[in-house]
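Visitor: Fit chains B, C and D with the ligands to the supplied structure of chain A, relying on the hints for placement.
Chains as they are written, first to last, in our numbering: chain A, 1 to 335; chain B, 336 to 670; chain C, 671 to 992; chain D, 993 to 1314.
Just so you know, the hints here were simulated from the structure itself, not pulled from any lab data. Keep in mind it's a predicted model, so treat the numbers as computed, not measured. What you were told as hints is all true, and nothing was included just to trick you.
Straight-line C-alpha distance at most 30 Å; calculated DSS-like pairs for lysine-lysine: (1) Lys804(C) to Lys57(A); (2) Lys701(C) to Lys519(B); (3) Lys933(C) to Lys863(C); (4) Lys563(B) to Lys519(B); (5) Lys863(C) to Lys1211(D); (6) Lys387(B) to Lys1156(D); (7) Lys387(B) to Lys701(C); (8) Lys1185(D) to Lys834(C); (9) Lys57(A) to Lys834(C); (10) Lys1185(D) to Lys1156(D); (11) Lys834(C) to Lys52(A); (12) Lys804(C) to Lys889(C); (13) Lys804(C) to Lys834(C); (14) Lys1156(D) to Lys1211(D); (15) Lys228(A) to Lys212(A); (16) Lys563(B) to Lys665(B); (17) Lys52(A) to Lys804(C); (18) Lys1185(D) to Lys863(C); (19) Lys1185(D) to Lys889(C); (20) Lys1211(D) to Lys1255(D); (21) Lys665(B) to Lys547(B); (22) Lys1023(D) to Lys52(A); (23) Lys212(A) to Lys330(A); (24) Lys387(B) to Lys1126(D); (25) Lys933(C) to Lys889(C); (26) Lys1156(D) to Lys392(B); (27) Lys1263(D) to Lys1211(D); (28) Lys863(C) to Lys1156(D); (29) Lys1126(D) to Lys1211(D); (30) Lys863(C) to Lys834(C).
Listed here are the chains, written in short residue letters.
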Amino acid sequence: MARKTYREAINQALDQEMARDDRVILIGEDIAGGTGASGAQDAWGGVMGVTKGLIGKYGPERVLDTPISELALVGAGAGAAATGLRPVVELMFNDFLGVCLDQLMNQAAKFRYMFGGRVRAPLVVRTQYGAGLRAAAQHSQTLYSIFAHIPGLKVAVPSNPYDAKGLLMSAIRDDDPVIFMEHKAMYDDIGEVPDEAYTVPFGEGRVLQEGKDVTVIAIGRMLQTAEKAIQAARADGIRCSLVDPRTISPLDEGLILEMAAETGRVVIVDEANPRCGVAADIASLICEQAFGDLQAPVVKVTAPHTPVPFAPVLEDAYLPSAERIAAAIKQVRAY
Amino acid sequence: MARKTYREAINQALDQEMARDDRVILIGEDIAGGTGASGAQDAWGGVMGVTKGLIGKYGPERVLDTPISELALVGAGAGAAATGLRPVVELMFNDFLGVCLDQLMNQAAKFRYMFGGRVRAPLVVRTQYGAGLRAAAQHSQTLYSIFAHIPGLKVAVPSNPYDAKGLLMSAIRDDDPVIFMEHKAMYDDIGEVPDEAYTVPFGEGRVLQEGKDVTVIAIGRMLQTAEKAIQAARADGIRCSLVDPRTISPLDEGLILEMAAETGRVVIVDEANPRCGVAADIASLICEQAFGDLQAPVVKVTAPHTPVPFAPVLEDAYLPSAERIAAAIKQVRAY
Amino acid sequence: MSRRDNQLRQAFWKMTAIRRFEERVHLENEKGSIPGFIHLYAGQEACAVGVCMELGERDYIASTHRGHGHAIAKGCDITAMMHELHAKQGGICAGKAGSMHMADLTVGMMGANGIVGAGNPLVCGAALTAKTRKTGGVAVSFMGDGASNQAATLESFNLAVVWKLPVIFVVEDNGYAEATPSSWSIGGGDLIKRAEGFGMPGFSADGFDYFAVNEAAGKAVARARNGDGPSLLYLTCTRYYGHFEGDAATYRARGEVEELMEKRDCLSAFKSRVLAGGMMSADELAGIEAEVADLIDTSVRSAVADVEPDVSRLTTDVYATY
Amino acid sequence: MSRRDNQLRQAFWKMTAIRRFEERVHLENEKGSIPGFIHLYAGQEACAVGVCMELGERDYIASTHRGHGHAIAKGCDITAMMHELHAKQGGICAGKAGSMHMADLTVGMMGANGIVGAGNPLVCGAALTAKTRKTGGVAVSFMGDGASNQAATLESFNLAVVWKLPVIFVVEDNGYAEATPSSWSIGGGDLIKRAEGFGMPGFSADGFDYFAVNEAAGKAVARARNGDGPSLLYLTCTRYYGHFEGDAATYRARGEVEELMEKRDCLSAFKSRVLAGGMMSADELAGIEAEVADLIDTSVRSAVADVEPDVSRLTTDVYATY
Ligand SMILES: Cc1ncc(C[n+]2csc(CCOP(=O)(O)OP(=O)(O)O)c2C)c(N)n1
Ligand SMILES: Cc1ncc(C[n+]2csc(CCOP(=O)(O)OP(=O)(O)O)c2C)c(N)n1
Ligand SMILES: [Mg+2]
Ligand SMILES: [Mg+2]
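Chain A extracted, bound-state conformation (with noise of 0.2 Å):
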C-alpha cells in the first residue's frame, strides 16, 4: 500500500471519480489557477494545492475557476445537482459560508424533503476548517456543528489520509448534498492510503484501539491530539478506547453508544466552540441512551466560547490539548 498525504488521497479521490463518472465536476476559486491569465495556467490548484493537475487531465470544462461567488456557485453547484451533475464545489474556508450558506441551508439541503422526494441533489461541497496556522479569526473555525443542524445535509470530517480518499469517493457518490470537511493543518500529513479506488461508508465510526477504562471520542483533527492524551494516561495505568466517528451526520450513533456502553466514562473531544456544538451532541445523545451505563459524567474538551484569536500562545491555549484532554481522562476515570 503507498503512503499519501491527506492532500494526495483527496486529490486522488477526485482524479478517480472524475475518471469513472464524466458527470463529476470541480467548482471553486483559482482550483486551476491562473485561468485567463498570461502567465502559467493551473498555477494554484487551489488555495492548498489540493486540485492541482486535475485541470490538465480533464480540461476546463470540467475544472472551473470562477469569479470570488461563492453564492452563486455554491448554488450553481445545487442547480447542476439537481439536473445531473454530480458538482464538487471548493468552499476555500469554512468561514465563507457566512455569504452562502443559503443556497446549502434552504436549497440544496432542502430540495428532496420539499419536493417530496422526487429529486437528488447529488453536491459535494470540500472545504477547510480548523485552527493552528495563525489564520486568525475569519479563517480558522470549525464550523460543522452548524451543517449538522441542517437535516438533509451529511457532513463528513475525515481525521487521516486513509479517511479522506475513502469518504470523499463516498461522498461523491452519494446521492445527497454531503459537506466534506477537510483540516488545514492535516494537509502534509502522511498515511497508508491504497492506489485503487475504495470507498468508506458513511454513519459508520471506527474504533482505533480498545481500553477498559475510559471511552475517547474525538472529531477530525482532534484524534490526533487525543491519541497523545491517551498515551500520556496510559502512563498512569488508564486504558482507554479511541472512536472516530467519521461522518458527524449521519452519526454511527450505535457505535458510540456500545463503546460508551463498555467503559460507562466517556470523554469528548472537538476543536469546535462548546455552544450547540457536535460534542454537546454526542454527549447528549450518550445521556440520553446510554445513561444506565455512565460510571461518570461525560465530559467534553472543547475549543472557548471565543473567536479564534490570532497570537500563537492564544490559539495554542485556544485548541484542545493533549494535557486537558489527558486531565479530563483522569478527571472521568477517578469520578
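Guide: Using the frame of chain A, we list chains B, C and D with the ligands on its own:
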C-alpha cells in the same frame, strides 16, 4: 398593569427606547412599507405589523425601509453599531440568515474580540422563527442554535409578552450584538405588560412553577406546550418544575443546574431540529455538571431531523406536542 | 392546424389556466381550505407564458414565492398542483411543499422559492449542466423587481456572464416588492443598464402583452441556445391581488389596480388581438375557457377528495440514501 | 509651509511608510518572526494614500485582507501595527487580530477583513451613522478587483444608492484576485459601467499616480460630503509581491512585475513629479525616507521586545458586558 399582545409589547419596547435614545434606529424591509409609493405610507409596519406607527413618530431618518438586501442591511447595522448608532435590524424571517450570516458571524460577532476589546457593536437583530403557520420549509425554521454556537452573539428567546418587552429593552441597551427571536405564532398572545420601561436581564432564567418530581426546561413558544404537558402529568400525580432560560446565550447555567439537581429528572423541550441544537447543549451541560444528582436520563423532546413540512398533518406531527412531552415526563419519572 | 396556431391555442390555454387557477386559489384560501402563505400571480400571465412558450423539455426554469403561474406555464400538472395547495398526498410534491416550494424537475420546473433571488444561482447550475452535457438546453430564472437588488441575483449575473452560460434572467417588474415600489428600490431605476453593467444585453418588453413578451423572450432564448451567453429580460406588469393573501395593498394608489385591470389586462389584450387578426375565433377562445374552467373545478374536487399525507411521511425524503 | 506642501509631505511620508513597512514585514515573515497569512500592499501605495489624504477624523474606511496600507494611510499607529503582526500584547488589537483584522476605530479604520467584499455593507453603516448624526463624515470601502464580483459588494452598491449614502467604493484593480486575472473575472470588464448600472457615477484614475488618484478621490469625496450620494472610484495598479506570502505568482507573465516596478512605480513617479515641479526638494524627500526607515526599525525592535498576550486574554473581549 395593562394587558398587551406580544406584538404590542415589542412595539412598545422599540417606541420607548427610540424616545429615550436617539441613536436607536430601525432598519428593515417594509418595517414602514409604502416608502416611495403613491398610496398609504406606513402601509405595513413590518410583515406582522410589529413596527407599525413608529415611522410616524420618529420619521424616515430613524425608521428605514430598505430594498430586499439582508446582507447589506445587516452589515450596515453592524457598521452603524460600530460607529455610534444602536440599530435594530429586522430580519423578516430567521430563515433568511442564510443570506446574511457573514455579517453576523464574521463581522458583528467578532469585532470586539478581533479588535482586542476596543470596539462595541450594539446591534440588535429582531427576527421571526418557528413552525405552526403552514409556512413550509423556508419560513418555519428555528435557527437560534446556530446563533448560540457563535461566540460574540447573544440570543434572547422571549416566551411571553412581558419578557418580549423587557428582553428587547435589555437587548437595545446591551453593548453586544443580540439576536432577538420572536415566534411568529405568538404575536397575538396576550399577557400582563407594564406600560413603563423595564428590562429583563440577560442570562437570568425564570422558574414558572416548582414541583418535586421532574424538571422541565423549555424554550420560547414551547413553554406553552410544556405547560399543557405538565398539567396532564399532574393528573398522574407527577409534579413538575418548569424553567424558561429566556436567553440561550448567555445561558443561566446556575439556575438550570440547580433545578436539575432538585429533581434529578429532566426533560428539555425545544422546537428546533435536534442535532447540535440547544436541547442537546443544555442536556450535555446537565450531564457534565449535575451528573451526581441525576436519577434518570435527560430526555429531549424536539422536532425531528427533518425540514418543516407544509401539510398541516405533518407540521403538527413535526412540532413537539403536549402528549410527547407528557410521555417524556412519565418516562423519566418512572425510570 | 399550423404550429403557430397551435402555439396560440396553447398560450391562451395556459394564460387562462393560470388566471382561473389563481382566482380559485384565492377563493379556496378565503374559505380556509388552502392553508399557508399564498402569493397569487394573476395579472402577470403574459410574462410566464410568453417566456415559457419559447422553452421545451430540455429547458429549466426557477421560480419565486409567486410561482403558480410559472409552474403552469412550464407544464406542471395543474391537478397535482391543486392537490399540493390542499396539502394532500397526491400533491405535486406529496404535500410537503405547499405554494412556495412547488417543483417538478421532470418538466424542468426547479421550484418556486421562498428565498427572494435564490433561483438565480440555481439556474446557473442548470445552465452549466446543459453546457457541460451539451443538451442544447437553456435555463430561465424568473424573479420580481425586488429580487433584482438581492445579493444572490447580482452575483449570479456576473457568474453567468463570466461562464457564458445559457441563462435568461427574467425580471417581472410588477411595481412592488411587498409594499415597496420598484421605482424606489432599484438604484438607478434601469435594469437594462444594470445588466449591461455586467456585460450582458437586456431586452425589455411590455409584460401586459403576450406577443411582445414572447418576441423578446425568443431573442433572449435564441441567444442563449446559440452559445452567446446570458441576457436579461425586463418585463413591466402588475399583480391583481395583494402581495400575499391577506395584504390590503393600501400602499397602492386608490384605483390603480382597477384601472390596470380594465385597460391593460393581458388576457383581454390577447383575445382582442387574436380576434382582430383572425388568428383565433371567438368559439375557439370560449372552448378553451370552458375546458380550463372544467379542469380547475375538477382539480379542486379531486384535491378535496384526496387524503392527507400519512404521518409516517414526516421523516421520509430527508435523504435519498440513509 | 503651505497646506498643499504639508499635504505632499504627508502623502510622501505615508507612501514611503507603507512601502518600507511591507518590505520589512516580508523579511520578518521570511525569518519566521511574523506568523500567519500575510498579504502585502507594496506597489499600491498611491491608491490608499491618494484616497485617504482626502479624509479626516470623522471619516471611516473599511479595508481588506490586504489592509496594512489602508491602515497606515488612515492614520493607524505604525508601531502598534508592527506589534500586532508580531502577535504581541502591545499590538493595535492586543495581538488578537493579526494582519487580516487590524482595526482602530478611534482613527476611523474599521478593520482589515478576511472576508472578500465584507467591508462594503459595513461602510454603508458608517455612512448611515454620519448621515443620521449629521457629522459631515463619509465612509470609504477599499476593495480589490476580485471583490467587485462578490454578492456583498453588489448588494451594497444598490443600498448605498437607494439610501443616498455618503460612501465611496474604491476598487483597486491590481490585475489579479489570487491567481485569477480581473480581465477574466469581471463580467463586461467595465466597473464604471457597472456602477452606473446601479445609478451611481464612477470615476477612474491611474492608481500608479498619486496625483491622479487624489484628484479623482477629491471629486468622489466632495460629492458624498455634499449629500449627493455614493460613487465608485476605479483605480488600476499592481502588487509587487505574490497574493500572499508564499505565492510564487507563476500566473503572471515572466517579467511583468519587474517591468511595472521599473516603469510605473508610484513612489518613483511621485518623487520625479515633485522634484520636477519644485514642490519638494531632494533633501526633504531623503529626510522623510530616513525618518520612516528609522520608525520602521524602531517599531520592529519594539515589537520584538514586547511580551506576548497573557493567556488569560484568551477568554476576554468576547462580549462588552457579560
Ligand atoms: C431573502 C428574502 N428576503 C425577503 C423575503 C420576504 N419577501 C418575500 S416576497 C418579497 C417581495 C418580493 O418582491 P418581488 O421580487 O418584486 O416579487 P413579487 O412579490 O412582486 O412577485 C419579500 C421581501 C424573502 N422571501 N426572501
Ligand atoms: C468571501 C471570500 N472568498 C474568498 C476569499 C479568499 N480570498 C482571499 S483574498 C482573495 C482574492 C481577492 O482579490 P482582490 O479582491 O482582487 O484583492 P487583492 O488580493 O488583489 O488585493 C480571495 C479569493 C475570501 N477571503 N473571502
Ligand atoms: Mg414585484
Ligand atoms: Mg486584485
